[in-house]
Amino acid sequence: MTQSKSTADAAKNDSTGAITRLKALFAGNDVFLILIAFVVLAAIASPSFLTAANLSNLLTQSALLGILSVGQFLVVVIGGFDLSVAAVMALSSLVFAKTIGYGFAPAAMLAIAAGAGCGIFNGLVVTWGRVQPLIATLAMMGIARGLALTISERSVLVSAPLIADLRDMGGFLSVPTVIWFIIVAIAAVLLASTRQALHVFAIGGNETTSRLAGVAVEKVKLGVFATSGLLSGIAGVVLVIRSNSGVPLGGSGWELDTIAAIAIGGTNLFGGEGKLLRAMAGVLIYQLIANVMNLMAVDPYYQNIVRAAVIICAVGLSILRLRSASRRAILGR
Amino acid sequence: MSIMTNTLAKTTARDARRLLADHAILIILLLFIVFAAIVSKGRFIQIGNIAVILFQCSVIGVLALGQTFVMLVAGIDLSVTTVAILAAVVMGAGGSEEQQQMNLAGILPFLGLVPSIVVAIVGAALIGLVNGLAVVTFRIPAFISTLAMSLALSGLAMLMTGGSPIHYPNAFFSAFGAAKLLGLPSTVYVFAILALACAFFLTRSHIGIMLYAIGGNPRAAGLAGIPVRTVTVLAYVVCSLLGGIAGFLFLARTGSVAPTSGGGLLLSTIAAVVVGGVSLSGGKGTIQNAVIGTLLLAGLGNLMNILLVSPHLQDAISGLIIVLAIMMNVRLNPAS
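Read top to bottom, the protein sequences are chains C and E. If you read the first sequence in our numbering, its first letter stands for residue 91, the second for the next number, and so on. If you read the second sequence in our numbering, its first letter stands for residue 15, the second for the next number, and so on.
These aren't lab readings, by the way, just hints derived from the structure by calculation. Computed from a predicted model, the values in this text were never measured in an experiment. Every residue gets a Cβ at the ideal spot worked out from N, C-alpha and C, and that includes glycine. Some hints could be false.
As the list claims (entries may be wrong) - If you anchor each label on the Cβ, the simulated ranges turn out as follows: (1) A306/C to L44/E: 46 to 56 Å; (2) F186/E to F262/C: 26 to 36 Å; (3) T298/C to A185/E: 39 to 49 Å.
What the hints assert, rightly or not - A few chain C residues facing chain E, derived, Cβ under 10 Å: (4) W218; (5) L359; (6) G362; (7) A387; (8) P390; (9) Y391.
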């Protein structure tokens, strides 16, 4: 009797242990599991999904959004939003397309500098001007898009042979994909190893406390906005490589897509929390949904509605998760 | 004696500073009018031109009124312009038999003029209800939930017309837009009446004062017995309702609407409210200042039109001036 009871207890302990382990697995890697689940579902839904050509295409499509999302991730972690990422990318793509006559490298430098300049302006308005990031970057969105359209109302075709070469280069991994991966790798290493990265998370967690602890809040913020602008500048160059032209209306609406993507990737939209690689998995999930809807020829108008539902579910789930996490913290479990 | 004078001087200086801070945006508007009058060699302040400015800003103005309600409770409604466009699409396509024959791919049936207006306005209010409940019940940040709502609504507007623009709304709309009283178009009166009603509501009614209290400190407001959740939802409903009315004015003003119009409206709406000193963190701001912000931005656009600045450069300059105006407002109002 006693023996059987203890066996039952042991079994119970074992099963709760398994559940806890399973929970831990999900809590740590749920985004990656969701990504895998989506890949499986997509493969079932559309036979053309799991082809090398489509997967390569999916990665190339994700590259631009991915590069912008790295910058958005940093700004969101510090407790803000950058609504200017896509417009700055468009501006930078035009600067690049218009100046490529002077050579690839100088034009690319100029385009990236233009992006960084917009980022620094954002940073100064937020730190020195004390304007909320949402408003400061919303205004920058208008400024950058307006300047881009002033430079040219139509797309500017680039005829440099180097661009065509870059576009055709690479097999499964295209040049944009490789650039995206390199940026993510560098950012991940910096985030894991530098003091500044720690400060970014500290400020997002509690700005006042960070300031009292001696963190140079204004400088770090300025740096984060400048980095986001710089990455948008790089994305502008990549946009030209991918589409062979500078596009003044390129990426309209993407500022919100980047936020949705990193929210799917478990980034806390109130700042202070997030993992870069999971955010990038969020980008892939977001693009994958669009990709599958295209493969299944879903009406574009319905696609908008589906996207809205995805954003709400992703953000809703991440908030529920945060709430239960804070409850656990309060109860000391 | 000298001490008294000193104190008096100090008080006067403090009063002057306070006055400056309280009326910063009005002072900016007056300075701008003087500047615009000089730069345009007087054309800016001609009666005809001022009527044009008022006509142009009525839609954005009504949207800004609604946005003020939501911002007072520390929210934001990014879907309000899409609500306006959707309402205009429903009124335009559902209220005109002629238009109905053009929309072969649309799913919206012919409703008749009055029913289509009712459906559009009630629908707008219901959208606000959903927005408010999403924020209050599920605690999804307003910024995200209304953004998703905006995406979904633009998809819905596309479905209704099959993506095609509406060029033949019921003749009633353009007749309403063209009607004038004392030289001013009827849409301006609608805006003015709504602004007065909102200002009265916010300053004189219980619920108006509750809105300020909730924005200032939701927890304290809750402890003081204010039904925080209900009043917050109400702010979103009012905002969306005004969005529906703005859709009516949009259709009356332009005589046509496309499911994709209104892209630039959102930025202008939020800019108008924020330039007017309504705080994104809630609890601060008045209807008067939101209206002044709207007038300032509309005046700026008009001045640039007079000076023949290209439309895209106008966007860039507006963005820059919005930032500068907000920075000035923040500097003059250290408390905010």
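Next item on the list: Report holds or violated for the interface hint on G362/C, using the least CB-CB distance to chain E and a cut-off of 10 Å.
Entry: violated, 15 Å
Next item on the list: Double-check Y391/C for me: the hint is only fine if its C-beta lies closer than 10 Å to a C-beta in chain E.
Entry: holds, 4 Å
Check: Can W218/C be said to touch chain E, with a Cβ gap under 10 Å?
Finding: Holds, because the Cβ-Cβ distance from W218/C to chain E comes to roughly 8 Å (cut-off 10 Å).
Next item on the list: Return the status of the interface hint for A387/C: holds when the least beta-carbon distance to chain E is below 10 Å, violated otherwise.
Entry: Because about 16 Å separates A387/C from the closest Cβ in chain E, which is outside the 10 Å limit, the hint is violated.
Next item on the list: For A306/C and L44/E, compare the CB-CB distance with the range 46 to 56 Å and indicate the outcome.
Entry: violated, 40 Å
Check: Would you say the C-beta atoms of F186/E and F262/C sit inside 26 to 36 Å of each other?
Finding: Violated - the Cβ-Cβ distance for F186/E and F262/C, about 60 Å, lies outside 26 to 36 Å.
Checklist line | Satisfaction of the P390/C interface hint, Cβ to chain E closer than 10 Å | finding: holds, 8 Å
Item checked: Cβ separation of T298/C and A185/E, checked against the hinted range 39 to 49 Å -> violated, 60 Å
Next item on the list: Using 10 Å as the Cβ threshold, decide whether L359/C counts as touching chain E.
Entry: holds, 6 Å
Checked against the numbered hints above, the structure violates hints 1, 2, 3, 6, 7; every other hint is satisfied.
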